[in-house]
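2 protein chains.
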Amino acid sequence: MATTSEANALRYNLDVDYVVRYSFGNVDQSQAIQELEKLLRTLTSVGLQTEVRQGDETSLLIFVRATSKRLKRAVYRSRVRDWLYGILNAEPDSAGSIEPATEAERLRVINQMITLPAEEGGAGITPNHGEWKNVTNVFPLHDEETNKKWMRDWSKKTFLSDEDLDQIRDKFGESVGFYFSFLQSYFRFLIFPAVFGFSCWFFLGGYSVIYTAVNSLWCIIFVEYWKRQEVDLSCRWQTKGLSVVQTPRREFKPEKHVRDEGTGEMRGIFPATKRMQRQLLQIPFAILAAIALGVIIATCFAIEIFISELYNGPFKTYLVFIPTILVSAGVPTISAVLMSIATKLNDFENHETNDGYDVALTQKVFVINFITSYLPVLLTAFVYVPFASRIVPYLDVFRLTVRPFVSKEHCESKKSHFQIDPARLRNQVIYFTVTAQIVGLAMETIVPYLKQHAFRKYKEYKKRNGNGNGNGKAGQNGDKGSPERSPIMTYDDPAEEKEFLKRVRNEVELSEYEVTDDLREMCIQFGYLALFSPVWPLVPVSFFINNWIELRSDFFKICMEFQRPTPLRADTIGPWLDTLGFLSWVGSITSAALVYLFSGNPHHGPNGDVTDIRGWALLLVIFFSEHLYLIIRYAVQTAMTRLEPPHARKERAERYLMRKRYLDSTVTTDTEKDLQSDKDDTLPETPEISRSALEDDARRSSMHDTDPAERFWQRQHGWTESAEIGAGIIRAQPSSGSAKKQQ
Amino acid sequence: MATTSEANALRYNLDVDYVVRYSFGNVDQSQAIQELEKLLRTLTSVGLQTEVRQGDETSLLIFVRATSKRLKRAVYRSRVRDWLYGILNAEPDSAGSIEPATEAERLRVINQMITLPAEEGGAGITPNHGEWKNVTNVFPLHDEETNKKWMRDWSKKTFLSDEDLDQIRDKFGESVGFYFSFLQSYFRFLIFPAVFGFSCWFFLGGYSVIYTAVNSLWCIIFVEYWKRQEVDLSCRWQTKGLSVVQTPRREFKPEKHVRDEGTGEMRGIFPATKRMQRQLLQIPFAILAAIALGVIIATCFAIEIFISELYNGPFKTYLVFIPTILVSAGVPTISAVLMSIATKLNDFENHETNDGYDVALTQKVFVINFITSYLPVLLTAFVYVPFASRIVPYLDVFRLTVRPFVSKEHCESKKSHFQIDPARLRNQVIYFTVTAQIVGLAMETIVPYLKQHAFRKYKEYKKRNGNGNGNGKAGQNGDKGSPERSPIMTYDDPAEEKEFLKRVRNEVELSEYEVTDDLREMCIQFGYLALFSPVWPLVPVSFFINNWIELRSDFFKICMEFQRPTPLRADTIGPWLDTLGFLSWVGSITSAALVYLFSGNPHHGPNGDVTDIRGWALLLVIFFSEHLYLIIRYAVQTAMTRLEPPHARKERAERYLMRKRYLDSTVTTDTEKDLQSDKDDTLPETPEISRSALEDDARRSSMHDTDPAERFWQRQHGWTESAEIGAGIIRAQPSSGSAKKQQ
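Order-wise, the sequence lines are chains A and B.
Under the working numbering, the first residue of the first sequence is numbered 1, with each subsequent residue one higher.
Under the working numbering, the first residue of the second sequence is numbered 1001, with each subsequent residue one higher.
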């Protein structure tokens, strides 16, 4: 149902539904014109109106709008598919009276009209792939008015309401809706540890047992609550059970094709066992990633300790930055290499669906994320502090590298006595949870925005300067030869469309939004809370503030720095849910270990007294803490499954009613008569049964006089006769008094 | 569909479906006669024929048979209910053409006709409860011929086939079918550890790492395989999703009644949160059970060690039995007390359904089972062997109790030097896994059978003696006064029914079968395999042999020592599945600890050298073993979920087809026409769109000349015009060569 704001939005975007960018820079002109004709013809054949404008010097923009009749048919087809697979429980109406329920559904269905293969009723346009590889982008336009309005509204409130989240889902689809729902739930839940952490920090300092226990309990409850909330949301947004309707992956190479017995469709098959064998390669990959990243992080760590705490020679202030530079340069490089290996492995596994591919890739990449995010703190906490007194003397090896640069006496005379820096661990945690978050926010949101604006200003400046130097109309002869003056583009746009097309050309430059990157960020943040917050109990406070900004900055980012995403459906945040549970589990181990190792000196940090640490006591503490965590998690899970989410109950009722409607529609008149007569049956008169029974008897005894079963059943005709015989037996027994004595 | 054998069975049982036992011993005669009339009238009103015979001196037997028409209606009603709740995927046929699919369905539906409340179409007979508390039994009769045939057949084969299991399900219901399926799967899986264990025992002795690792892996794979097999069976036997159709519990006391929005039925509600609070009482109960049983087992253990290894005075051979007697007497007593506490707790929790009640009770009772079954071995392995040298001197306290009975010199001179008995642990494991199994089999199967036969022989002997002394006809005057001659029952049976009624009277004496007891036995056995088999690798061999006998002896037990069970449906073995997983987990810890502690002396048992045992090394071994177990279990689970069981896929296809049939039945002619025209649409000719678009243009421009969106879309009419304009733009660009340079 197009609401007023939707109608306004459409008009603001001149009723354009999608923009298709066709790039002709890599092909010769005749081929480009042929491809363009084919593209336009295909789009029109599925019921889309087209308009062509110039994009830039090497691309065209094709604006696409769906005709009402064909759109309704496509919506109907999509809903029938959902219905058949059990996702929708209300039968789709006939094709005449269907409107897309939300803007997101409209855009999704139009996207299907563009991209689905011809046998499923689409145009088969596959961007960057196969015969359409010159089609580089297919995206909808931003609804800037609504975006601005929402950003204004949300900057005034603390919490988003359920209606706000529904609105996000109506505009951007369920996938983005789930992310913002998750972020909002996480934010809401963070109130408690923020308050509790602040009071613990104030009264107890760091490494307190109470805070750690409550923190672990909070992690358990949050993860289980979100699992339940996901089910509730998926029922409410009608995407429950979506995993059976997954979009197949184009790059999937099936081994053979079989006909599915149930649905009758042809399906490509790749044996699951073969895929699992290929997935075993994840193990050496994980080991390789752990070693590669671990070595570089540990080495830089050692160098840093050497320089900051052992070394006292010249240029100390500058040399301190060497490990930072090494890490900042080395880790992303190695991460990128590992990421490409992971992607190649993932392609090798030949997943059938896009969702399966994404899940598998997320799992591989998470190994890299885990190491780069948490290993530095783990090294500080569990290697540096307990064992530094033993290891650090070996770091003298670095002196050898320094020796050529420093005079001999300088070296030896400045050899200082090593002492553990007690605040190192806490400072590191503060860095990761406050500084790194702020820097990340800036890198993610502010810097790209500034970059875009600077780039556009530069282009405009160039254009004004270029125009001052003469006609800048591209394509005119005579300007090709002069190298100093780069040809500036002005476009042959109608006057009233100039503003609109300028906006569209800007949006074309933006990249595609991936919700999984934002989810990754949130999960890594959650990991810091679960693993290391006993070190500095203000961690949740910092996250609380950061997440308020994050929700609004992420929305800003989607609106300003990315193309509007094609609405995708989802019924879960995917593999990140398992990741949260895993981090929570690891957190129970590391928190207990931290508290045991360091609770001696809450306010001043650990002093590294190794004799106080007993290996068996540490392991025993970890053992109990972990098993207590597992028991409590099991109890919370059981409790949560008993509390059925309200929308799930509604969804179950809908399924029941659907079957009832079907049954009512197929009940025949015979059945109705039978059931009616069943209800109208009073207790049949004894003679009735006797009569029919006697008739049966007469018939049967005339045929089979020898059936013992029938003779058995003929001895007492009707219940009154049975009652009489029974009463006779009862009376024949001794009286109840002596019957009791005998018993 | 009544097969020949079924027809034979019915005739053998004189076509009797159910036997209802009415006891009038506790009420006076007039009341009894009234109740009897009411009972017979109620039974007849739901469509059951009745015949009354005498049971014994205080009871009547009412034989019940269902009339064909009413039975079909009841089957239809039951299938409609299943259909509405999503258990059946095929629409129930109209009432005219329905037959019970299996004997089990027939018996189940007739049981429903007897026991369901009146508003659901039954007679409302609730044995031992409420107004029918004089109805003590409602049970079907055994089909002795088939039973004997199966026992003969199965004693010749090693493995039961899938068809045999289907036959069990057809006769006895899905609940019993699941048990035998589980037993068969477990038996089949035991081949591998039996063979592997035998070779390990032969070549490596006990406590070998290889055997332990393979054993844990086997446990993981078996449990995950059975989970998958359960799903497959529930799809094949069409009970998937049964949990929504659970039979409500009669003793449930709801707090309030609400109308269910979906189904429209009135439901009693008891808040889940309140129940969960009551369930917290399980924690102190578990602690109490652990302490009570633990104290008695540990005390008897200490006494036994004292007497068998320290004490050397007189009567040693007799005193050794004291702890055995104490344990055999004390543990069952305390277990019974704890069991009654558990039952009261369970009643207090006010469960809604029978299944929920059973699951909760099983969980509570399992604590008791776990302690009584495993604590003795755990004590020997982890307390006696490592710490005995320190603890045993304290056992000298027992000398004080012995002292009055023994002369002083005897005591002191015989004070022997204490040495750990290295074979104690192994002997104990052998006892539990071989001797106790054999004794259990005898107690469970052979002894009750002998008892029954002895009792019947005694009754017959008494009867023959009584008849020799005169007329034994009960109820005749004159015999009441003489105390020496007890009145013997002979019954006034028709000659041809004597044999039949004698058999029925024997079956009435039997007790009701509970499948959960047999499942408990199997799970406890599995626990021994998971926890303690590294001690003696022949454990799986013993279980393999035992389980072959067990399957047949359990069937014998059901046929001979219990009333034929009313067929119950199930889609899982219930809480025992979680128990298997839990035992497997605990096994990973204990196996690792056992191997670490005792692998020094594989063939001669541990020598209790405590200095070799390091606490931290033990905890580290446990830590790694447990987490390796969890990782492998996660991997196996993931692999199993990818391999979809064949029947589950079929069930999914059925659900798809069901919805398709519904959709096809509701498609209107308009939709068909639309869809047809959709398929028939060739590429619309350009003029067509142009014409309609021109018409639209003309219409709109006459109304709104100012809509920028419409003007945007009118600039290019049809795709050919767009193609021309696009081609113009392409040609207007610099050639592709210089375009590439610019890019």
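Hint data in this document are derived by calculation from the structure and do not stem from the laboratory.
Don't be surprised by glycine CBs; every beta carbon is placed ideally from N, CA and C.
Each hint should be verified, as a subset may be incorrect.
Unchecked claim - Here are some chain B residues the structure puts well away from chain A; computed CB gaps all over 10 Å:
| no. | residue |
| --- | --- |
| 1 | Glu-1255 |
| 2 | Lys-1316 |
| 3 | Glu-1497 |
| 4 | Ala-1709 |
| 5 | Trp-1719 |
What the hints assert, rightly or not - Below, simulated SDA-like cross-link-like pairs (lysine to any residue); rule was C-alpha separation at most 25 Å, straight line:
| no. | chain 1 | residue 1 | chain 2 | residue 2 |
| --- | --- | --- | --- | --- |
| 6 | A | Lys-498 | B | Trp-1154 |
| 7 | A | Lys-69 | B | Arg-1731 |
| 8 | B | Lys-1253 | A | Tyr-513 |
| 9 | A | Lys-344 | A | Tyr-513 |
Said to hold, decoys possible - A few chain A residues facing chain B, derived, Cβ under 8 Å:
| no. | residue |
| --- | --- |
| 10 | Leu-288 |
| 11 | Glu-460 |
| 12 | Ala-709 |
We went through each hint and held it up to the structure:
Its beta-carbon lying about 16 Å from the closest one in chain A, B:Glu-1255 satisfies the requirement of being farther than 10 Å from that chain. Listed as outside the interface, B:Lys-1316 is consistent with that label: its C-beta sits roughly 40 Å from the nearest C-beta of chain A, beyond the 10 Å cut-off. Under the 10 Å C-beta cut-off, the non-interface status given to B:Glu-1497 relative to chain A is violated; the minimum distance is some 7 Å. For B:Ala-1709, the non-interface assignment is contradicted: its Cβ lies about 4 Å from the closest Cβ of chain A, within the 10 Å cut-off.
Not every C-beta of chain A lies more than 10 Å from that of B:Trp-1719, the closest at about 4 Å, which undercuts listing it as non-interface. Proposed proximity of A:Lys-498 and B:Trp-1154 is contradicted: the alpha carbons are some 87 Å apart, above 25 Å. Between A:Lys-69 and B:Arg-1731 the alpha-carbon distance is near 35 Å, which puts this suggested pair outside the 25 Å criterion. A distance of roughly 55 Å separates the Cα atoms of B:Lys-1253 and A:Tyr-513; the hinted pair therefore is violated under the 25 Å criterion.
Distance check on the hinted pair: A:Lys-344 and A:Tyr-513 sit about 22 Å apart at the alpha-carbon level, within 25 Å; holds. Of the supplied interface hints, the one on A:Leu-288 is violated, with its beta-carbon coming no nearer than about 18 Å to a beta-carbon of chain B, more than 8 Å. This hint is violated: A:Glu-460 has a C-beta 19 Å from the nearest C-beta of chain B, more than the 8 Å allowed. The closest approach between the C-beta of A:Ala-709 and any C-beta of chain B is roughly 4 Å, which is under the 8 Å cut-off, so the hint is satisfied.
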